[in-house]
Every structure is written in C-alpha cells, then in structure tokens.
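If you want the building blocks of each chain, they are given just below.
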Amino acid sequence: MTLPALGWQGLVVLVVFGVSLLIATYSTYAERVIAAFLQDRVGPDRAGPFGLLQPLADAVKLFTKEEFFPAGANRALFVFGPCLAMVTALMSSAVIPFGNVLQFGETAIYLQGIEINVGMLYVFGMVSLGVYGIMIGGWASNNKFSLLGAIRAASQNISYELAMGLALIAVLMISHSLSLREITFQQASDAPFVWRDIFNWNVMKQPLGFVIFIVCSFAETNRTPFDLPECETELIGGYHTEYSSMKMGLYLFAEYINVFVASAVMSVLYFGGFNFPFQSELRNWLVSSRGLELVTAQNIITIFGLVGLFAKIFSFIFFFMWVRWTLPRFRYDQLMRLGWTILIPLAIFNIMLTGGLITFGVIK
Amino acid sequence: MSLFLFLSFVALLSALGVVLAKNPVHSVLFLILTFFTLSGHYLLLNAQFLAAVNIIVYAGAIMVLFLFVIMFLNLNEDTEPHKPALAKFAAAIAGGSLLLILVAAMRNVNPAGYDPTSFDSQIGMVDKLGLVLFQQYALPFELASILLLTAMVGSVMLGKRETGERNF
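Residue numbers (this note's numbering), protein chains in the order written: chain C, 150 to 513; chain W, 6 to 173.
The following block holds chain C by itself, in its conformation from the complex (with noise of 0.2 Å):
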C-alpha cells in the first residue's frame, strides 16, 4: 500500500469513528423522539428545531455535572470501566464494509476502516469484550447493585454469545468465508435482475438463523427487553448507580454505538450490506444512456450503496427502539432459560438445516 492510500485509509477510519459518533449522539435523539411517537407524546422540541440540538443540551449537562466517586470504590477501575466500555464498542465498527472502492484515477479508497479475512471473528471478539467495561465499572463502584448488575451483565453476555456464535456458523456455512468484504460480494450478482435473485441476500437463506442473531443482539447491546443489568425496578440503576457526569455519559454512549454497531453487522451479514436491487441495471443505465465511463458509474454506484447500506442500519435502528418502547422486560430466569434451552438448540437445529439443505443443493 503506497503512502497516499494509507493516507486516505487513515481518513476513512478517522471518518468512520466520527460517523459512530454521530449517529451514537443523535441516537438518543431518535430514541426520544421514537419513545415520544410511540407513548403519544410530543417529544423533544425546544432546544433548537424540532429540538435537534438536544444531544448537545444533553452534553452540555452532563459535562457540567458532578463527578462523584463513592466511598470505597477503586478510583483507577471506576474511571478504566467507561473508557474501556467506549473503546470495545468504537473499535468493532472498523472492519466493516460501508460501501465498495471509490477509484479517482490511481487511487482506489476502499469505504471500510481495515479489511481483515477473519472481520466476522473480529468483530464477535470486539462484542465478547464488550461486558469487561460494565464488569469492571459495576465493580468498581463497591455496590451491591451495582456489582449484581455486573453479574448479570456477565451472564447473560456469556450466555447469549454462544447462540450468536452458533447463528454465525450457519453463515459461514453458505460463505465459505469469514470476511464481511467477501460476504457482502457474495450477496450480490452483476447479471440482469432475475427473480431468483431475491434469494441472495442471507436472510433468505438463513430465516431462522436471521432471528436467533437479532435476538442475540439484543441481548448482547443490553436494550429492552433484555437490558436486566441496569434493570431499574430491582436494582436501581444496575451497573452504572454510582456514576454520574461525563462516566455516566460515556456508558450511554457506548451502548448506542453498539446498538449502531450490531444494526450495521446485521445488515452486512444478512441483508446484502451496501449492495442494492437492480444495480446493475443503474450501472449499464449511467454508462449506456449518460454516457458516462464506468468508472464514474462505478462510484456512482458505490455512492448509492453507501446511502442503501446506511438505510438498512437506520432501519434496525428503528427496531431496536421500536422494541424498547413496545415490550416489556423479561424476568432473569425467563431471560436464562430463552438463552439456553430456546435459542442454542434451536441454533444447533439451524446449523444441521442449513447442512442438510447444503447437502442436497436446495441452498449452497
């Protein structure tokens, strides 16, 4: 890789964290106004139009709030459990392919921060990571509930991982590869559109698979209706009790950036990451009707994908807060026992459907 390249490479991760940043940030926008849709309300409306400076309010008290450290907490931990919360979430969004290559000239700008061949391995140890924040900041605090908070954290991360990882075996199944680059590719096809071709994407040929994943995740992002480790009604405010200001902010956050991380995992693995219907209609369209060259179109194209692969995470965005706001928490054991005896047989059933219909050539 040439210098430039690295250069633009720097840039696209650089804009990558910003873009994570951003739509964590305006995520608890969307989450108000979501929650406000839902319950009849009118929502968020007064910082700024249609209160979008609502995020930056929100900031702005937090920032401006006291930073409390309890009684007997271990201040090094305390501080160390939000950042590293921060870090694991920020860091899995990198091997994820946002769009394809954009070529000026010699330069190819690949939209995806570093592209590994074990991304999907990558990123499933970015998620399993994800609770050692929690963990340690529960702990820290030196409260019972906040360490119970912890615990549970823990439990249900390690439990629910196991079903994630079993959906994802039946998806490496079909693509022979561990690569989200190389997945997305195969999720498309560059022939005329046929009718059959609505059978490329994942979720066509992995329903089920699809389903135990999306409940994993949810799991795994602690949101409603599995968000036990700060389940309020028993345990006041779950691992995060005792922080408050900026500490507090930081944990908000990461749970979002997870929320935008699992949606955009999600659309890359089954939903056909930044391919689209009929793109390769628009590219012989650009290149045979406007006369543009195909390399133009090509990033015409990218472009496009870029906007449909966003689309597709703003849409499971939707769905996370959709649930909150509709269903009802689960209890622990209820939560212990969807996990165990539900999910992962039925994740070891995926896997022998998925070799079956392998066998016999239904799906390949």
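If you are wondering where the hints come from, they were derived from the structure by calculation, not from laboratory data.
A virtual CB, placed ideally from N, CA and C, is assigned to each residue, including glycine.
Among these hints, one or two may not hold up.
[Stated by the list, open to error] Listed below are several chain W residues computed to face chain C (Cβ distance under 10 Å; list not exhaustive): (1) N28; (2) F54; (3) I61; (4) A66; (5) M68; (6) L70; (7) F146.
[To be verified] The list that follows gives simulated cross-link-like pairs (lysine to any residue, SDA-like), each with its CA atoms no further than 20 Å apart: (8) C:K293 / W:V74; (9) C:K210 / C:T177; (10) W:K165 / C:S308; (11) W:K27 / C:F229; (12) C:K293 / W:F73; (13) W:K133 / C:S324; (14) C:K293 / W:K165; (15) W:K133 / W:L48; (16) W:K133 / C:D482; (17) C:K293 / W:L48; (18) C:K293 / W:M76; (19) W:K133 / C:Y178; (20) W:K165 / C:Q483; (21) C:K210 / C:G197; (22) W:K27 / W:F77; (23) C:K210 / C:Y178; (24) W:K27 / C:L487; (25) W:K133 / C:I323; (26) W:K133 / W:T122; (27) W:K165 / C:I507; (28) W:K165 / C:L487; (29) W:K133 / C:H325; (30) W:K133 / C:E264; (31) C:K293 / C:E383; (32) W:K27 / C:N223.
[What the hints assert, rightly or not] Far from chain W, by Cβ distances over 12 Å, these chain C residues were calculated: (33) A257; (34) M275; (35) S393.
Chain C is fixed; fit chain W onto it per the hints.
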C-alpha cells in the same frame, strides 16, 4: 522487529503484573492484557484465525468467568492469606529450580529456521488451518471435542438438583 520487541515487552510486563498485583481483579486484568499481546504475536506470525480465537475464547469468555468468580469472592488485600515463611522459602526453591532447569535446557537449543523456498505465508489462514485439522489431525480434533463434551455433561450432572432438594 520493533513491533515484536514492543509486544514482548508488554507481554512480560503484564505477565509480571499478574503475579505481583495485590488485588486479584488487577491480576485478572493484567492476564487479559497478556492474552492480547499473545494475540498480537499470533498476528505477527500471520495466524489471524488463532489471534481472533484467542481473543474470543480466552479474553472474551474464560477471563470473564474468572472475573465473575473473583468478584463474587470479594478478595482484597485484607483477606489475602498469609503463608508461613517456610512455605514461602520452599516455593522460592521450587520455582528457582524450575527456572534453572528451563534455562539449562533452552541454553543450547538451536532454533530451527524456516526454508524460504517451501515456506507458505498463508499457513495460518483459516481455510488452511481447517484443512490441516480435518485431514491430518481429524482423530485428535474429534477426541478433543469429545473431551469437551464429557466435561460439559459432567458439569450438568454436578449442577443437577437431586430428588427431594428444595427449589429455592
């Protein structure tokens, strides 16, 4: 090379931290850092799959359980058991002789280099690893999975409620 030296430095430092830290939770965190540096070493050896799996299994799952148990026990400096001097002395002798044997055994080892003509840089990639595991080492691989299954069944048996035991 500088990356290797840096990783080795951090690995040794955090491994020392595991042993020397007074607080068990700090020890666990140092151990996690050690696993990360080991994963870095795997990456330098171009074994991406091994690096990712090391993070997922050791740092992501096993250490979470370690931390889980240690948090429950609520160990800290006050509850640290104080061993008699004789035990400490014996431990130092035993550890020192192990170190002596290791150093003596490793002193004259000539590390086998690699043959640049037959070296395959893709050897650590996931598909190559899978082929080796399922062709060359199929039996040990399956035996290891049976071992894990046995451990799993055993823990389920231990955790099972006996008849007549109270449900909460």
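Cross-check of the supplied hints:
At a threshold of 10 Å, the smallest CB-CB gap from W:N28 to chain C is about 8 Å, leaving the interface hint in force. Given hint, W:F54 at the interface with chain C, holds; its Cβ is 6 Å from that chain's nearest Cβ, closer than 10 Å. Annotation: interface hint on W:I61 holds; nearest CB of chain C at approximately 5 Å, less than 10 Å. Interface restraint check for W:A66: the shortest CB-CB distance to chain C comes to about 6 Å, inside 10 Å, so the restraint holds.
For W:M68, the suggested interface contact is upheld, since its CB lies about 8 Å from the closest CB of chain C, less than 10 Å. A cut of 10 Å between beta carbons decides the hint on W:L70: the least distance to chain C is about 7 Å, and the hint holds. Hint status for W:F146 relative to chain C: violated, with the closest Cβ pair at about 16 Å, above 10 Å. Between C:K293 and W:V74, the direct Cα distance comes to roughly 15 Å. Compliance with the 20 Å bound is thereby established for this hinted pair.
At roughly 14 Å between alpha-carbon atoms, C:K210 and C:T177 fall within 20 Å of each other, so this suggested pair holds. At roughly 18 Å between alpha-carbon atoms, W:K165 and C:S308 fall within 20 Å of each other, so this suggested pair holds. The straight-line distance between the Cα atoms of W:K27 and C:F229 is roughly 18 Å, inside the 20 Å bound, and the hint therefore holds. Annotation: proposed proximity of C:K293 to W:F73 holds, straight-line Cα distance about 14 Å (limit 20 Å).
A hinted pair counts as satisfied when its Cα atoms are at most 20 Å apart, and W:K133 with C:S324 qualifies at roughly 16 Å. Restraint check: the Cα-Cα separation between C:K293 and W:K165 comes to about 28 Å, which exceeds 20 Å; the hinted pair is violated. At most 20 Å may separate the alpha-carbon atoms for a hinted pair to count; W:K133 and W:L48 meet this at roughly 16 Å. A hinted pair counts as satisfied when its Cα atoms are at most 20 Å apart, and W:K133 with C:D482 does not qualify at roughly 42 Å.
Our distance criterion of 20 Å between C-alpha atoms is broken by C:K293 and W:L48, whose separation comes to about 40 Å. Restraint check: the Cα-Cα separation between C:K293 and W:M76 comes to about 11 Å, which is no more than 20 Å; the hinted pair holds. Under the criterion of a C-alpha separation no larger than 20 Å, the hint pairing W:K133 with C:Y178 is inconsistent with the structure, at around 47 Å. Using a Cα cut-off of 20 Å, the hinted pair W:K165 and C:Q483 holds, with the two alpha carbons roughly 19 Å apart.
A distance of roughly 16 Å separates the Cα atoms of C:K210 and C:G197; the hinted pair therefore holds under the 20 Å criterion. With a CA separation close to 17 Å, the supplied pair W:K27 and W:F77 stays within the 20 Å bound. A threshold of 20 Å between alpha carbons decides the hint, and for C:K210 with C:Y178 the separation of about 15 Å falls inside it, so the pair holds. As the CA atoms of W:K27 and C:L487 are separated by approximately 39 Å, the hinted pair breaks the 20 Å bound.
With a CA separation close to 18 Å, the supplied pair W:K133 and C:I323 stays within the 20 Å bound. Simply put, W:K133 and W:T122 have alpha-carbon atoms about 18 Å apart, close enough for the 20 Å limit, and the pair holds. At roughly 38 Å between alpha-carbon atoms, W:K165 and C:I507 are farther apart than 20 Å, so this suggested pair is violated. Straight-line distance between C-alpha atoms of W:K165 and C:L487 comes to about 19 Å, which keeps the hinted pair within the 20 Å bound.
A distance of roughly 12 Å separates the Cα atoms of W:K133 and C:H325; the hinted pair therefore holds under the 20 Å criterion. Between W:K133 and C:E264 the CA atoms are separated by roughly 19 Å; this keeps the pair inside 20 Å, and the hint holds. The suggested pairing of C:K293 with C:E383 holds, with an alpha-carbon distance near 12 Å, which does not exceed 20 Å. Using a Cα cut-off of 20 Å, the hinted pair W:K27 and C:N223 holds, with the two alpha carbons roughly 13 Å apart.
Taking the minimum C-beta to C-beta distance to chain W, about 23 Å, the non-interface status of C:A257 holds against the 12 Å cut. Residue placement check: C:M275 does not keep its beta carbon more than 12 Å from all beta carbons of chain W (closest about 8 Å). Every Cβ of chain W is farther than 12 Å from the Cβ of C:S393; the closest lies at roughly 22 Å, confirming the non-interface assignment.
Hint compliance for this structure: hints 7, 14, 16, 17, 19, 24, 27 and 34 are broken, all remaining hints hold.
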